[in-house]
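**Student:** Now for the letters of each chain:
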Amino acid sequence: MNTNKLTKIDFNMKLITSFLIMIFCLIFFSQNMMAITAEEIINKRDENEYIESARIEAKMIITNSGREMTKEMVSISKGEDAFVEFTNSRDRGTKYLKKGDNLWMFFPDAEDVVKISGHMMNQGMMGSDFSYQDIMESTKMTELYNFELIGEGEYNNRTCYILEATAVEGKEVSYYRRKIWIDKERFIALKEELYAQSGRLLKVSEVKEVDEFEGRYYPVISIMENKLRENTSTEFIVEKIEFNPEIDESIFTLENLQ
Amino acid sequence: MNKKLLIIFSFLLIILLSLTASAEVEIGGEVGVDSSVIFNNNQSEFYLTENLKIKLFIPQTKSAEVKVDFELRNNQFGTNTTFKKLYIKRGYNNFNISLGRQPVSWSFGSLINPVDFNFGAEIMDQSQSAKYIDAAKIYIPVNWKSGVEIVANPQLEIIDPESKKLNFKGTKTGIRARTMINNYDLSLNYINDPLDINRKNKIGLSLKGDLGPLGLYSAVSYEKSTKQTIEDENIYLLGLDYSKTINYDQRVYLQGEVINLSSIKLKEFATTLLQADISDNLELDEKRYNLLAGNISYSINNFSSVNLFLLGNINDSSFALTPQYKNQLPGNIDLTISSILATSKNKDFFNQENVPLSINFNLSYSF
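Sequence order for the protein chains is X and B.
Just add 14 to wherever you are in the first sequence, counting from 1, and you've got my numbering.
Just add 447 to wherever you are in the second sequence, counting from 1, and you've got my numbering.
Since the hints were made in silico from the structure, they are not lab data.
Please read all numbers here as calculations on a predicted model, not as lab measurements.
Among the hints, erroneous ones may be present.
[As the list claims (entries may be wrong)] Calculated pairs, EDC-like style, for lysine to aspartate or glutamate (alpha carbon to alpha carbon, straight line, at most 20 Å): (1) Lys691(B) with Glu186(X); (2) Lys109(X) with Asp643(B); (3) Lys241(X) with Asp696(B); (4) Lys500(B) with Asp123(X); (5) Lys616(B) with Asp643(B); (6) Lys185(X) with Glu166(X); (7) Lys193(X) with Asp105(X); (8) Lys198(X) with Glu239(X); (9) Lys773(B) with Asp105(X); (10) Lys532(B) with Asp581(B); (11) Lys592(B) with Glu263(X); (12) Lys592(B) with Asp115(X); (13) Lys532(B) with Asp115(X); (14) Lys509(B) with Glu269(X); (15) Lys185(X) with Glu157(X); (16) Lys592(B) with Glu186(X); (17) Lys509(B) with Glu99(X); (18) Lys73(X) with Glu239(X); (19) Lys109(X) with Glu473(B); (20) Lys509(B) with Asp262(X); (21) Lys536(B) with Asp123(X); (22) Lys592(B) with Glu125(X); (23) Lys531(B) with Asp126(X); (24) Lys509(B) with Glu263(X); (25) Lys531(B) with Glu125(X); (26) Lys536(B) with Glu269(X); (27) Lys773(B) with Asp572(B); (28) Lys532(B) with Asp123(X).
Make the full structure from the sequences, and use the hints.
**Tutor:** Right, dumping it as structure tokens:
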């Protein structure tokens, strides 16, 4: 082979190798640049699901071995404050006021306003599988849990990020560990498995319907299933929601509770 | 409540309703049947009571609301109608005022409340008739967590049962100031009762908050005597409550309190609780007594629970127990089965003569 031909082959080889290296680098760096962290996923979820302020009309349907109990409520929340009034016939007029870490209850028959002890926050609200903390909690998940992206999967034909959340030490939470399926496109938690510190599965929360509100996605029907008892669940249905309405501070007062 | 006042309020209601004719008045309430068997002196007595509770949900105007709540009870002794609420409430910029028959109780979460407007208005989570009074009540909010409540309750006496002629005997007044400091709910109460010839003036202080994982509450009451021969009265109360989830799922709630009071106040309390003067059945030799009140509640599931209420006299170790089972049946019907048992046969405070054994069944439907 003459020298010119050898030089040409050598040059072509170098060109191809350089090209391949360049392609490889492009793929490698672009993947890293596009890789999303667990914190980013949760922050995007909070953009949808975390409520700064809202007015919600909702219904809870509590089911146990075929028996059903329905609670209807109106909830107004702003920051750390929340006001809930029950409107179904059995509990009509029962109200709760949460200000910071304090909770008061209004008993409509006696017209008494009583401060509820702190230990009750983890107990079921009005007999449901949702605790007072679940219903009235205002803290962002990132402040209560450490998150880790453990993979991807599918739930109800939707591709999801799968995250594991473990409670931050010292924080009071209802569930020590959570496994969360977050919709990759809409950044809504479609499913959550809730675990005790012992590792026992306590509850599973599944979102059945998601609606869009001015570019923001929000779960409007979700079911919390109690895994410790057969055929026991609470369905939470958001019938009406208004994000960031004008809310008078006088709503969050003991006077308004009476 | 006398007929004239009832007629006046009915007119006011009609006027208000006609002003809001286009608005919807909703009716809610409860229908129930209560059956009891009381075992007394080797005999059993059976009682059956039907009751109907009606609540009118009248739409509020911008600054006024009307509350109407009454109850009809029918048993072998006749039919009785009681208005629990029949009042008008009007809000102004800096206060609101309510006039008419209304509940007045200065509750702070205790089972027995020694600093209430009417002592014994609420006992063991049950409202007593003493709670619902004809009064004018003004509430003045100070900030979101503080306010002052002023109550004026005219005291009327029937001087002629036939004509139902009334005599005005004076006005019982009370002031309650309430606030929260360091997450503790605090209230300071003052009552002036012109009908109490021995102790017209009463001051009370209550507190409720958290002590670690426990709920803590306390109250102190002081009644100043108007005569040198009559002693001042003090009542002290200390209580705790706690809840726990067992096996991740089953919930238990515990509440207990001790009340220290004199024999005179104990008789007054017993008369209110048992709706009868049982002074002759009691041997109250000691000057001061310690009552114990408690409640244990266990949730079987979302629809049913068992409770055990306890009320006892520590001095003579006599107790009355009320076990209770509650279940919400299909069709929105509530079943409550309860019993009352006294532990002593002697002339102790909670003896079987004062508190005969009884079993009670109640079915009710809310609408």
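**Student:** Taking the hints in turn, state whether each one holds.
**Tutor:** Cross-check of the supplied hints:
no.	hint	result
1	Lys691(B) with Glu186(X)	holds, 15 Å
2	Lys109(X) with Asp643(B)	violated, 36 Å
3	Lys241(X) with Asp696(B)	holds, 10 Å
4	Lys500(B) with Asp123(X)	holds, 11 Å
5	Lys616(B) with Asp643(B)	holds, 11 Å
6	Lys185(X) with Glu166(X)	violated, 28 Å
7	Lys193(X) with Asp105(X)	violated, 34 Å
8	Lys198(X) with Glu239(X)	violated, 24 Å
9	Lys773(B) with Asp105(X)	holds, 16 Å
10	Lys532(B) with Asp581(B)	holds, 9 Å
11	Lys592(B) with Glu263(X)	holds, 12 Å
12	Lys592(B) with Asp115(X)	holds, 13 Å
13	Lys532(B) with Asp115(X)	violated, 33 Å
14	Lys509(B) with Glu269(X)	holds, 16 Å
15	Lys185(X) with Glu157(X)	holds, 9 Å
16	Lys592(B) with Glu186(X)	violated, 25 Å
17	Lys509(B) with Glu99(X)	holds, 19 Å
18	Lys73(X) with Glu239(X)	holds, 16 Å
19	Lys109(X) with Glu473(B)	holds, 19 Å
20	Lys509(B) with Asp262(X)	holds, 15 Å
21	Lys536(B) with Asp123(X)	holds, 16 Å
22	Lys592(B) with Glu125(X)	holds, 17 Å
23	Lys531(B) with Asp126(X)	holds, 14 Å
24	Lys509(B) with Glu263(X)	holds, 18 Å
25	Lys531(B) with Glu125(X)	holds, 11 Å
26	Lys536(B) with Glu269(X)	holds, 13 Å
27	Lys773(B) with Asp572(B)	holds, 15 Å
28	Lys532(B) with Asp123(X)	holds, 9 Å
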